[in-house]
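Peer 1: Just so you know, the protein sequences line up as chains W and R, in that order. According to numbering that gives the first Met the number 0, the first sequence is numbered sequentially starting from 0. According to numbering that gives the first Met the number 0, the second sequence is numbered sequentially starting from 0.
No lab work stands behind these hints: they were computed from the structure. Hints are supplied without guarantee of correctness; some may be wrong.
[Claimed, not checked] Quick look at which bits of chain W chain R covers, simulated, 3 or more residues with Cβ under 8 Å: (1) 1-9; (2) 28-38; (3) 54-68.
[To be verified] With a straight-line Cα cutoff of 27 Å, these simulated DSS-like cross-link-like pairs (lysine-lysine) come out: (4) W:Lys55 with R:Lys55; (5) W:Lys63 with W:Lys17; (6) W:Lys548 with W:Lys667; (7) W:Lys63 with R:Lys17; (8) R:Lys55 with R:Lys17; (9) R:Lys79 with W:Lys55; (10) R:Lys79 with W:Lys63; (11) W:Lys55 with R:Lys17; (12) R:Lys55 with W:Lys17.
As the structure is a computational prediction, the values presented were derived from the model and not from experiment. Where is the CB? At the ideal position from N, CA and C, for every residue including glycine.
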Amino acid sequence: MRTLRSWMVRLGGLFGKKRREAEMTEELESHLEMHISDNVKAGMTPAQARREALLKLGGMELAKEAFRERSTLPFLEYLVMDCRFSVRQLRKTPFFACTAAVVLALGMCVSVAISAFVDAALIKPLPYADPARLVAVTESSPQFGRANLSYLDYKDWKRYSTAFRSFDVYTGSGFLFATTNGAEPVPAGNVSRWFFQTLGVAPFLGRDFSADGPREVMLSHQIWQNRFGGRDNVLGQPVALSGEVYTVVGVLPASFQFAPLGAAEFWTTINEKNDGCVTRRGCHNLDAVGRLNDGVTVKSALANLTAIAKQLELQYPDTNRNRRASILPLADEVTGDFIPILMVLMGGAGLLLLIACVNVSSLVLARSEARRQEMAVRVALGASFSRLCTQFVAEGVVVVLSASALGLLLASWAMQALKNLIPLEMMPRMPFLADLTLSGRVLVYAGAVSFLGVLLFSLTPALHLALSAKAFSQTRGGLMEGNRGSTGYGWRRLGSRLVVAELAIAMILLVGAGLFGKSLYRLLQVDLGFRADHLAMIEVAAPDSRYAKNEQNVALARDLVNQVKSLPGVQSVALTTIPPVSHNGSTAWIRFVGKPYDGTHIEVNERDVSSEYFTTLGAKLARGRFFTDAEDRSKPKVVIINQKLATKYFAGEDPIGRQIGDPKLTPKSLCTIIGVIEDIRDGALDSEIWPAQYHPFNQDTSTDFIMIARTSQKAESVLPTLGSAIHQLHPDVGSRGEETMQGRIDNSMTAYLHRSAAWLVGGFAAVALLLGIAGLYGVIAYSVSQRTREIGVRMALGAGHGSIYRMVMREAGWLAVAGVALGTAGSIAAGTVSRKLLFGVSSWDAPTLVGVAVALGIAAMMASFLPAKRAASVDPVEALRTE
Amino acid sequence: MPTKADVWQGTLALMVFKTLETMGPLHGYGIARRIEQTSGNLLSLNYGTLYPALLKLEQEGSITSEWGVSDNNRKAKFYKLTRAGRKQLEREAHDWEQATAILARFFAPGEEPL
Numbered sequence: 000m001r002t003l004r005s006w007m008v009r010l011g012g013l014f015g016k017k018r019r020e021a022e023m024t025e026e027l028e029s030h031l032e033m034h035i036s037d038n039v040k041a042g043m044t045p046a047q048a049r050r051e052a053l054l055k056l057g058g059m060e061l062a063k064e065a066f067r068e069r070s071t072l073p074f075l076e077y078l079v080m081d082c083r084f085s086v087r088q089l090r091k092t093p094f095f096a097c098t099a100a101v102v103l104a105l106g107m108c109v110s111v112a113i114s115a116f117v118d119a120a121l122i123k124p125l126p127y128a129d130p131a132r133l134v135a136v137t138e139s140s141p142q143f144g145r146a147n148l149s150y151l152d153y154k155d156w157k158r159y160s161t162a163f164r165s166f167d168v169y170t171g172s173g174f175l176f177a178t179t180n181g182a183e184p185v186p187a188g189n190v191s192r193w194f195f196q197t198l199g200v201a202p203f204l205g206r207d208f209s210a211d212g213p214r215e216v217m218l219s220h221q222i223w224q225n226r227f228g229g230r231d232n233v234l235g236q237p238v239a240l241s242g243e244v245y246t247v248v249g250v251l252p253a254s255f256q257f258a259p260l261g262a263a264e265f266w267t268t269i270n271e272k273n274d275g276c277v278t279r280r281g282c283h284n285l286d287a288v289g290r291l292n293d294g295v296t297v298k299s300a301l302a303n304l305t306a307i308a309k310q311l312e313l314q315y316p317d318t319n320r321n322r323r324a325s326i327l328p329l330a331d332e333v334t335g336d337f338i339p340i341l342m343v344l345m346g347g348a349g350l351l352l353l354i355a356c357v358n359v360s361s362l363v364l365a366r367s368e369a370r371r372q373e374m375a376v377r378v379a380l381g382a383s384f385s386r387l388c389t390q391f392v393a394e395g396v397v398v399v400l401s402a403s404a405l406g407l408l409l410a411s412w413a414m415q416a417l418k419n420l421i422p423l424e425m426m427p428r429m430p431f432l433a434d435l436t437l438s439g440r441v442l443v444y445a446g447a448v449s450f451l452g453v454l455l456f457s458l459t460p461a462l463h464l465a466l467s468a469k470a471f472s473q474t475r476g477g478l479m480e481g482n483r484g485s486t487g488y489g490w491r492r493l494g495s496r497l498v499v500a501e502l503a504i505a506m507i508l509l510v511g512a513g514l515f516g517k518s519l520y521r522l523l524q525v526d527l528g529f530r531a532d533h534l535a536m537i538e539v540a541a542p543d544s545r546y547a548k549n550e551q552n553v554a555l556a557r558d559l560v561n562q563v564k565s566l567p568g569v570q571s572v573a574l575t576t577i578p579p580v581s582h583n584g585s586t587a588w589i590r591f592v593g594k595p596y597d598g599t600h601i602e603v604n605e606r607d608v609s610s611e612y613f614t615t616l617g618a619k620l621a622r623g624r625f626f627t628d629a630e631d632r633s634k635p636k637v638v639i640i641n642q643k644l645a646t647k648y649f650a651g652e653d654p655i656g657r658q659i660g661d662p663k664l665t666p667k668s669l670c671t672i673i674g675v676i677e678d679i680r681d682g683a684l685d686s687e688i689w690p691a692q693y694h695p696f697n698q699d700t701s702t703d704f705i706m707i708a709r710t711s712q713k714a715e716s717v718l719p720t721l722g723s724a725i726h727q728l729h730p731d732v733g734s735r736g737e738e739t740m741q742g743r744i745d746n747s748m749t750a751y752l753h754r755s756a757a758w759l760v761g762g763f764a765a766v767a768l769l770l771g772i773a774g775l776y777g778v779i780a781y782s783v784s785q786r787t788r789e790i791g792v793r794m795a796l797g798a799g800h801g802s803i804y805r806m807v808m809r810e811a812g813w814l815a816v817a818g819v820a821l822g823t824a825g826s827i828a829a830g831t832v833s834r835k836l837l838f839g840v841s842s843w844d845a846p847t848l849v850g851v852a853v854a855l856g857i858a859a860m861m862a863s864f865l866p867a868k869r870a871a872s873v874d875p876v877e878a879l880r881t882e
Numbered sequence: 000m001p002t003k004a005d006v007w008q009g010t011l012a013l014m015v016f017k018t019l020e021t022m023g024p025l026h027g028y029g030i031a032r033r034i035e036q037t038s039g040n041l042l043s044l045n046y047g048t049l050y051p052a053l054l055k056l057e058q059e060g061s062i063t064s065e066w067g068v069s070d071n072n073r074k075a076k077f078y079k080l081t082r083a084g085r086k087q088l089e090r091e092a093h094d095w096e097q098a099t100a101i102l103a104r105f106f107a108p109g110e111e112p113l
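Required output: the full structure, derived from the provided sequences and hints.
Peer 2: Dropping the structure here:
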């Protein structure tokens, strides 16, 4: 304790030196005076008295020095001194200092920015109470893996499971919200009663849902502000949602986020009486979130639910065959999609940081080589090895601190820039990025990187000094000019190795960028089964209260199609319940009439589409015919299947005219196959084509659908007119989400992830290439400058320009070859690790590897051409004279 | 003139404490003279080492200093014990007595080793 205190005081002693010095002098002066006057009293002469007093003090200056040493921390004082000295030194070589600082800052900026994303997505806990105990629960099926949960299954799981303290379900929904501009669809969340308690979220205003709260609604903070003026008296007020009246009971906090339902603005409870799906065990539309009981792990909870699922399977074989449970930590459910790309980016940023470090150490190495004489002089003047090392540390601290400051500044800018690159419509899925900041954890990481930088900066020259023992033991040698030839060799070898490492890393990043770029290209080139150009689309929602009946719905659809078709530039218009390039899902269980059936679920994608759907999309008919507009409920039920379904279940047969029904072949479920279309990509770009069936919209209507228009002009030009056209005709019908099909494809999650991987890794690769080539240039140029005399001798002995060129280029060539060889191995390894992110291209894609190798080779040759030219232009007479 | 002993390492602090306890606030020169006097002039104190020692004790919070005026009207820095210093003195005096008592037993005549 006392020691600590004195250390603190001494640390403080670094400041206020002048005052302390004056005080010390005064104290010692007064001491002397008193002593002298005592001595005089004792009978000495004044001169004698003074001499005796000084002697007793051990000399004035010595006493002062002892005093000074005690009043502050000498080594810190040295360090401050060294830092000042370093700043002066570095100012003399501004190019070196700036290059090193900028390169380091660049590496730091990238890795800190990426680490901020990793921190926000993967490390920062979810903003719920005790988030580690929250899990995402779903059913699982052989077809889907993780599949939605049905309400009745949920009820049984909740009743019998012992794993959860609380267990709730949620699903996305939407409401038509009346505004002055007519009805507007607003995304919503439909949850079970205790959902918010399970998450541990308390309302910002008002209360949570009441025990049997019929028609209660909670508002998101955002819609409360935007649509309800942020007024407190909103509580208890009635709100009309899709024509039904709800009472506002609470407002959620502004910080509330729930990524699976990111965009939801209204939150209501599941209505057990009203909702058709709730009463059917085979209707799966829910996901669950549970809070594990103390001591229960994900594994034991899964075992518990699996046992219940097996029991339910016995009890309800029709609906629950092969249906099990699946549990993940909630955090994985929220961020799982982003983990691979974040890992790739983190890896890329790490490599870039590495290359920056290598670059800086080779710079430092070159500098220590140049400072050999300076070091020798200082050793000769009595500087100890440790004293020289302190000097190196000081230089490192100065450069790295300025680099860190710059790097952090750049990083905080880069973070926001990267975040702004994320399309707005994708943000609700990544609420964790909302407050992207340089958090404490990120700063710790940055601090660690800086520390590494200082280490690099001080260890490299220290090592160099220690290794070149010659310079140390034979200071005379170091002091002399002429011995460069031999000592330069060691550094050249080390420098070459560093350059090989740099080139290899650059190659890995280049190949990565190439592979991701190629993946993206392949992804966007994937066969869609339709023509994606010139298609504009819009989501439409009509209130059930007025359009729920089949004939009302059909009439509405016809009206809207005709209205949109009358817009200038629109050629044809189609409806569908789910547009292409969405997701595999929204499936039905089917069974074929006249085929044996063992009870295993045949699960296929199911979409309801209008008669013009396939022609509007430009899909190809393989057999049979399309629907007609006249095919409504009054006509026999028909269905069109895709090629995949035909080949899978009607191999070698003609499916036209065959019948499909539900697993029990209920008479009213039966419909006749009238056509087979070439596969349309219903799911994501990188997912498989699933068997699919398409029903006529008029026979199976829906008040929520998507309108797709084929346009003669640019699809974008039609987008603004779509919504108003619909509103004009039917103000009570809402619309949202206008986009072009091409935009939908380009902005789809899959394309987005691939594109960001390609661009970011591409950016890293460009920087890495620049650094690597600069490093190569540095080594070759240095080597040429060291060999000027040798080259002069060679030329004097008759070597031609060509042979000098060859000599220099050969040296560079070997380095490039070594770098490429190492890089190829590294690339294949890196590609294999990240192969999950690749699409349609293997991790050892030969064209990419060869292309990158050639490009790197050319760049390397270009970098070494300048020094080679300089070497060849050496004047032998001049070269020999200077030596 | 008898040979003078040097101050043993670590005992200077104790002497300073004891001096300040008996004499009250005192300047560096006074402390030095007092220590020499108390030792019956057997101790030879290098005055130059006294000041860093005083600084150390001050940094550790055992003593504080204040400018004042000496008996013969000279400006001087006066040191005095703090509460922490008093406690430390008690503790160290106790330790010291114990240590000397133990050593004394070794030199006591007539006592057989066990």
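Peer 1: For every hint, state whether the structure bears it out.
Peer 2: Right, here's what the structure says about each hint:
For the segment 1-9 of chain W, the assignment as covered by chain R holds, since 6 residues bring a beta-carbon within under 8 Å of that chain's beta-carbons and 3 suffice. Residue count for the segment 28-38 of chain W with a Cβ under 8 Å from a Cβ of chain R: 7. That meets the three needed, and the coverage hint holds. Interface restraint, the segment 54-68 of chain W with chain R: holds (9 residues with C-beta to C-beta distance below 8 Å; minimum three). Between W:Lys55 and R:Lys55, the direct Cα distance comes to roughly 21 Å. Compliance with the 27 Å bound is thereby established for this hinted pair.
Restraint check for W:Lys63 and W:Lys17: the C-alpha separation of about 13 Å stays at or below 27 Å, so the hint holds. Using a Cα cut-off of 27 Å, the hinted pair W:Lys548 and W:Lys667 holds, with the two alpha carbons roughly 18 Å apart. Straight-line distance between C-alpha atoms of W:Lys63 and R:Lys17 comes to about 26 Å, which keeps the hinted pair within the 27 Å bound. With a C-alpha separation of about 16 Å, the suggested pairing of R:Lys55 with R:Lys17 holds against the 27 Å cut-off.
The hinted pair formed by R:Lys79 and W:Lys55 meets the criterion: a straight-line CA distance of about 24 Å does not exceed 27 Å. As the CA atoms of R:Lys79 and W:Lys63 are separated by approximately 22 Å, the hinted pair is consistent with the 27 Å bound. Of the supplied pair hints, the one linking W:Lys55 and R:Lys17 holds, its CA atoms being roughly 22 Å apart against a limit of 27 Å. A hinted pair counts as satisfied when its Cα atoms are at most 27 Å apart, and R:Lys55 with W:Lys17 qualifies at roughly 19 Å.
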